[in-house]
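*Asks:* Read off the chains here:
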Amino acid sequence: QKEVEQNSGPLSVPEGAIASLNCTYSDRGSQSFFWYRQYSGKSPELIMFIYSNGDKEDGRFTAQLNKASQYVSLLIRDSQPSDSATYLCAVASWAQKLVFGQGTRLTINP
Amino acid sequence: DAGVIQSPRHEVTEMGQEVTLRCKPISGHDYLFWYRQTMMRGLELLIYFNNNVPIDDSGMPEDRFSAKMPNASFSTLKIQPSEPRDSAVYFCASRLGETQYFGPGTRLLVL
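So the sequences go chain by chain: A and B.
Per my numbering: the first sequence = residues -3 to 106.
Per my numbering: the second sequence = residues 291 to 401.
If we strip away everything but chain A, and leave its shape as in the complex, we get (with noise of 0.2 Å):
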């Protein structure tokens, strides 16, 4: 089982909708939970962080954890096709040091 598992999509949705991208992770013991974005050729860009079970929001993203279940999520409302990109979740453990999963790869038709 991998540390960290996304569903590699692609997935489609039409813009203006809303975006629902899932992680889950193995390691009870994990502290921080964070989403990235990458557009194609290049680099990660943190979009945001969470901590705490619940729900995060900053503008048109939100965030959501579950620790019980082990499961990270991330929603985009009003999809833009600029959101197009992959997005990847990475996992925090006491060790400082970000487990990344696959990637989802996020598609925002016009």
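Just so you know, the hints here were simulated from the structure itself, not pulled from any lab data.
One or more of the hints may lead you astray.
As the list claims (entries may be wrong) - To give a feel for the contact side, a few chain B residues facing chain A, derived at Cβ under 10 Å: (1) 331; (2) 345; (3) 383; (4) 391.
To be verified - DSSO-like cross-link-like pairs, simulated, lysine-lysine; straight-line CA separation at most 27 Å: (5) A:93 - B:314; (6) A:38 - B:314; (7) A:63 - A:93.
This one's a predicted model, so the numbers in the text were calculated from it and none came from an experiment.
Ideal placement from N, C-alpha and C gives every residue a C-beta, glycine not left out.
Place chain B on chain A using the hints.
*Replies:* For chain B alone, coordinates are given in the frame of chain A:
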């Protein structure tokens, strides 16, 4: 701030040659990470430093790989000898607090 700087941006070399990748972290950041990204294996952590000291190199694939951080503003990742399976994008990232900032990456092709 210019962000994390990596050089070279692209490197093409022949099998058996030595390859040196360079990274300048963001000033004031106390952590530095080296990652490798391939289609098959995704983004993998190779090694990371805290205040110039290597903390965890368990991701370094084999003895052909070595990394140094002689001071707070410079790090190198060396592959000697290089092999075709080392072809990948190598990212350096630095961190202060919770946010890691990635450099633009070095695209390495070993023929």
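*Asks:* Next, verify each hint and record whether it holds.
*Replies:* Cross-check of the supplied hints:
1. 331: Result: holds, 9 Å to nearest chain A Cβ.
2. 345: Since the shortest Cβ distance to chain A is 8 Å, the answer is holds.
3. 383: holds, 8 Å
4. 391: holds, 8 Å
5. A:93 - B:314: The given pair, whose Cα atoms are some 19 Å apart, holds under the 27 Å limit.
6. A:38 - B:314: holds, 18 Å
7. A:63 - A:93: holds, 19 Å
Comparing the model with each earlier hint shows no violations; every hint is respected.
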